[in-house]
Amino acid sequence: MTPTPTPTAATVEFRGLRRTFGTTTALDGLDLTVAPGELLALLGPSGCGKTTALRMLAGFETPDSGSVLVDGRDVTRVPAHRRDAGMVFQSYSLFPHLDCVDNVAFGPRMRKTGRAERHRQAAELLELVGLGDKGDRYPHQLSGGQQQRVALARALALRPRVLLLDEPLSALDAKVRLTLRDEIRRIQRELGITTLFVTHDQEEALSTADRVAVMRGGRLEQCAPPAELYGRPATAFVAEFVGTMSRIPGRLHGGTVEVLGHRLPVDGEAPAAREVDVLVRPEDLRVTADGACSARIVATAFLGATTRLTVRLADATEVKADLPTHEAAALAAGDAVTVAPRERPVLVAARPA
Amino acid sequence: MAGLTPLTRAWRPAVLGLAGLYFLVPLAASVVFTVDVPGRGLTFDAYTRIIGTEGFLTSLLLSLGLAAATIAVVLLLLVPAAVALRLGAPRLRPVVEAVCSLPLVVPPIAFVAGIGTVLKWGPEHLSRTPLFQTFVALQNPDFPVVLVLAYAVMALPFAHRALDAGLRAVDVRTLVEAARSCGAGPVRALVTAVLPNLRGALMNAAFLTLALVLGEYTVAQLLGFRPFAVWIVNVSGSQAQMSVAVSVLSLLVTWVLLLALAGAGGRTPGARRARTAKGTP
Amino acid sequence: MTASATVAVAAGQAPARRRRRRSPAPLAAVPLLVFTAIAFGVPAAAMLDGALTTGDPATGATAYGTGNLTASLQGAYRTALLGSVELSATAAGLAALLGLPLAQAVVSSRSRALREAVLTASSVLANFGGVPLAFAFVATLGNSGVLTRRLGLAEHGWSLYSFWGLVLVYLYFLVPLMVLTIAPALDGLRTQWREAARNNGATTLQYWLHVALPVLAPSLLGGLVLLFGSAFAAYATAAAMVGSTVPLVTLQISDALSGNVLVGQENVALALSLDMVVVAGLVMAVHLPLQRRSSRWLD
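Sequence lines, in order, name chains A, U and R.
To convert, note that position 159 of the first sequence is 159 in full-length UniProt numbering; the numbers rise steadily by one, no gaps.
To convert, note that position 197 of the second sequence is 197 in full-length UniProt numbering; the numbers rise steadily by one, no gaps.
To convert, note that position 122 of the third sequence is 122 in full-length UniProt numbering; the numbers rise steadily by one, no gaps.
This is chain A alone, in the form it adopts within the complex (with noise of 0.2 Å):
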């Protein structure tokens, strides 16, 4: 059994939103564009706007400037009823009176759908969701992760053109959130829906999306496929919201920048000051034991495959390292160590004041 797919995959385009609260901008002109078919996170710190943007397309709050297009039509002032946008929330939205396949059958019953045909869509979406044999169910009868999954249904029954996810695995314990996680990427694949995924995890953003919208402030950072977004941050914000990153002090010179005595061609822009911290993944630091030994290890975590050094610079500075776990077998914390880039271009910041 095939649910039918979406018929046409839509785009959806935000341009110049702006909307605040009382003193607090929400939104401060998000212009992204999401291609049909697409699944696209909005990332980014509690208070970053991800939120408001979603729930303006789902017709839940209004801009006070700029529009959302869904498919080149302006749907900014259509009612959230109308939308024909599904929607995942965070937790808690199930109807309490209603069994899980009334959940699922709702927006067809608002939609005078007939009871026998709602009912055999809700039976195919509960079955897409794995939960075929559970429609009988209440919601206090379900755990969290099943909770989410008709949420999912429900959203899916009315044939939407975008579905909407906000948050919807923050509430899950961490192995639920990794298996419902890669469920919603299966079903999103097999119906070919555009969707946004609203989450503050940014391995959950990385690990899902085809790309990740990093917002901050009410203004969108970068837009990029997961690869890149970590390899080739475009702003210091992101390359430390993303994955994990150490500053490092360093000095400028044109083109590259000198940082632990060496010299490495600077990527993308400099600031104009000469003294400037550079960025560098765990990844991206050699540790060993021999040489100068001007820094020291604080402390190690064993992470599986590799393990994470904690070094104390000469200059105090903290920076992360991570080593294959083997390798590190041979260092304690205490040890006397040197700490060197590896030689490839880095992303230089300006020093915080």
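Bear in mind the hints are in silico, worked out from the structure with no lab data behind them.
Be aware that one or more of the hints could be misleading.
[Stated by the list, open to error] Listed below are several chain A residues computed to face chain R (Cβ distance under 7 Å; list not exhaustive):
1) A80
2) H81
3) F89
4) Y92
5) S93
6) F106
7) G107
8) L178
[As the list claims (entries may be wrong)] Listed next, the stretches of chain R that the computed footprint assigns to chain U, with coverage defined by at least 3 CB atoms under 8 Å from CB atoms of chain U:
9) 42-52
10) 115-124
11) 230-240
Yeah, the Cβ is synthetic: ideal placement off N, Cα and C, and Gly gets one too.
Given the coordinates of chain A, work out where chains U and R should sit on it, guided by the hints.
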């Protein structure tokens, strides 16, 4: 919310306005009634004479004394039981809950009918036994202990609900265990860790009991005692204006006290914040 | 050394934990249970005993029987019982209808001050209005009340001491009681439900019909029976409004107890009390399961 029509926007003020009208008019009219006496014009006599009127102070003091005693009895009975249920005897919970709800099933007038019957056993059957003295003491008109017993029973459901709401918001077991692991003995753990966190609930329970005792009429009147509420009714025959003045004052004073309590306690138990979605202020 | 110390600590802990499990905690509930058994149990038993004891005035002999109960369901007593039921049902139904929109207006208001003021005022009026409330209405709409005189209501046949007069007074404490009962349930209605309904194509009306009201139904029904019980048991209000011509069971009990009407009717009063307990018991029997279902949905 997007797309609100003027009609859906206007319903709230309309409802609140009508309700305000219904609830304020009798109060306002009562005030007018007390100061605008037919044939005498505007006068504040009804208020100025209250204190000097025979029986006012004695009945008010009696009510306050009864209230204090009732609050003490209720809290001393309920607090240990409620805390113990959270700590070590969850199986007793339904029993205590049932016991505390029973008074709701017996209306005050039925309850007082039963009490009256019991009190009549004194002179009828027990006049030669030492128990008779107890019965006499119970009905001492200066301080009728029987009313304290009755009021404590009637206050149980309210006080229990208030305490239970407070206890539900606090993880008593963890608090006690944390205090114990910091070196506090069991009693000290209760007094220093649990009770301060229940302050709001205790105040609420105490206040509900106070208000119940101050306003109670049925039991006291039918047993022939004369606390505050009974005095108001008795005085109404001869001094209509004053009985209304005292009534309005007592309603307002109770309300203001309760408001102050809500302000001091931060939140009333019923005032659970609505969960607002993220992004909406 | 270290290992043996750890063992010793562990061994020391185990009995301590076992001791706590057999803790004296249940004992703390004993005073409460004993107190209720005496202060509540004895009068309740006395009422039951009296209600079921029929005395022969001529000989003074007494016997157990249902004579009082039968008497309490006949004649003037029957009228009073039915009058109480009719008044309570009418007032409770109206109060539920009026209280729901008021509670929603208060709960959905953004003003915290309004909310606190209304909820505390409600708890004063709902639980402790009694006598003061009766006098406020007498002063307003009684025979020489302010509004009665100013608006000449008496000429239009108005009387506070009638069935509808009492309903109007009862609403003054029943509507607040409804607000108090239903407000937590309205608070429990999650924003996500409304948004999920909208998201699934429901209009505001459809949301109320298909989600909010069904979810609230147990609380609404529970509130309704609670209001009925409260109105049924009310005595102070009616008693303070002397001159009421509406027959009420509470007034009958008080009359019989104080020998106002006929001497020797005490046991019939006890039987009437038992009737009331049965009604109140039924109310609770309906209310509690509804309450449980509602809290499972809304907490």
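Now the hints, each set against the structure:
For A80 (chain A), the shortest C-beta to C-beta distance to chain R is roughly 4 Å, which falls under 7 Å, so the interface hint holds. For H81 (chain A), the interface hint holds, since its Cβ comes within 7 Å of a Cβ in chain R; the closest pair sits about 5 Å apart. Hint status for F89 (chain A): holds, given a least beta-carbon distance of 5 Å to chain R, under 7 Å. Taking 7 Å as the C-beta cut-off, the interface hint given for Y92 (chain A) holds, the closest approach to chain R being about 6 Å.
The criterion of a C-beta within 7 Å of any C-beta in chain R is met by S93 (chain A), whose closest approach is roughly 4 Å, and the hint holds. At a threshold of 7 Å, the smallest CB-CB gap from F106 (chain A) to chain R is about 5 Å, leaving the interface hint in force. Given the 7 Å rule on beta carbons, the hint for G107 (chain A) holds: about 4 Å separates it from the nearest Cβ of chain R. Hint status for L178 (chain A): violated, given a least beta-carbon distance of 24 Å to chain R, over 7 Å.
Beta-carbon proximity to chain U at under 8 Å applies to 8 residues in the segment 42-52 of chain R; the threshold of 3 is reached and the given coverage holds. Judged by the Cβ-Cβ criterion of 8 Å, the segment 115-124 of chain R is covered by chain U as claimed, because 8 of its residues qualify and three suffice. Check on the segment 230-240 of chain R: 6 of its residues sit with their Cβ under 8 Å from a Cβ of chain U, so the three-residue criterion for coverage holds.
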